[in-house]
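K.L.:
Spelled out from the first residue to the last, the chains are:
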Amino acid sequence: MIPTEAHGTIALQPSACTSCMICVRECPTWCIELESHTEQVSEPDARRPKTVNILDAFRIDFGLCMYCGICVDLCPFDALAWSPEHDLAATTAGGLVLGIDELSRAWPNRNPTSGS
Amino acid sequence: MTPLQSSALERRFRVSGHPQLLISVLDVGLACCALEVGAAITAGLLVLEEPEHSAVLEPRMNVLLISGTVTDALAPGIIRAWEALDEPRVAVSFGACANTGGPYWDAPTVTKGIDQLIPMSVYIPGCPPRPEALIAGLARLAGVGDAG
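Going down the list, the protein sequences come from chains L and A.
Numbering of the first sequence is given in our numbering, commencing with residue 135 and proceeding in unit increments.
Numbering of the second sequence is given in our numbering, commencing with residue 1047 and proceeding in unit increments.
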């Protein structure tokens, strides 16, 4: 029986990610890749358009990841979290590199009151 | 160099939840990941076959399980262990060090992934991976789908 708070893998909530790059820069094994671009968002009453980051790609190479959780701890927007998902074995080394879709599928389905 | 007698070191296992998967494992436990292999046995996820039974039940697969950090100094030993393994044989990489060098990605003495030495069948990510991740990875060998 695997506890729901188990450190099985790291999951991403793309909508919470601001592409701030803190996880990428602080990762001790440099296993995170992030690509983003900026867009101008106009709001009716604003004097000028706002510039926002749009996340294009987010990849974690779980072949390299040492599961230290520094990215989870440092993310200012809780876009990264531990997930109990553990069945991630691959038949190729490239198969250990997970993108936005796989990382967000692993997002833990926890009771919000139980904390993370 | 004397040939390695790997058969004396191999142990035969049944994999919990996958009755069709009977494997003979040469466990190369080189670092902390090896403890998780031991934990899988203690938890009953890997079930050791008694020698008298395993003579009847021929293992379908010889598995070289590399769990831990492979240094360049040790690399020739890994290659010898692989070459000593009888067919049908597969190699399984368990944990970040064996997969890519992991935390030692910048160390001059650590092999950055044992797939540089021998052909790998399964890579199991983790630092270390859970015992359940080992079972899920071994399940890939039989193509029996996802383990619970």
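Just to be clear, a hint being listed does not mean it is correct.
As the list claims (entries may be wrong) - Derived, one-sided and incomplete: chain A residues facing chain L with beta-carbon distance under 7 Å:
1) Glu-1095
2) Thr-1146
3) Gly-1148
4) Tyr-1150
5) Ala-1153
6) Lys-1158
7) Asp-1161
8) Pro-1165
9) Ile-1170
10) Arg-1176
11) Gly-1183
12) Ala-1188
What the hints assert, rightly or not - Per label pair, the in silico range of CB-to-CB distance:
13) Gly-203/L to Ala-1077/A: 18 to 26 Å
14) Gly-1063/A to Pro-178/L: 33 to 41 Å
15) Arg-1106/A to Gly-228/L: 35 to 43 Å
16) Asp-1132/A to Gly-233/L: 33 to 41 Å
17) Glu-1129/A to Glu-167/L: 35 to 43 Å
18) Ala-191/L to Asp-1132/A: 38 to 46 Å
19) Gly-233/L to Arg-1057/A: 50 to 58 Å
20) Glu-177/L to Thr-1117/A: 52 to 60 Å
What the hints contain is simulated information worked out from the structure, not anything from laboratory work.
All values reported here derive from a predicted model rather than from experimental measurement.
Where a beta carbon is used, it is the ideal one built from N, C-alpha and C, also for glycine.
K.L.:
Looking back at the numbered hints, which does the structure fail to meet, lowest number first?
P.N.:
1, 4, 5, 6, 8, 12, 14, 15, 19
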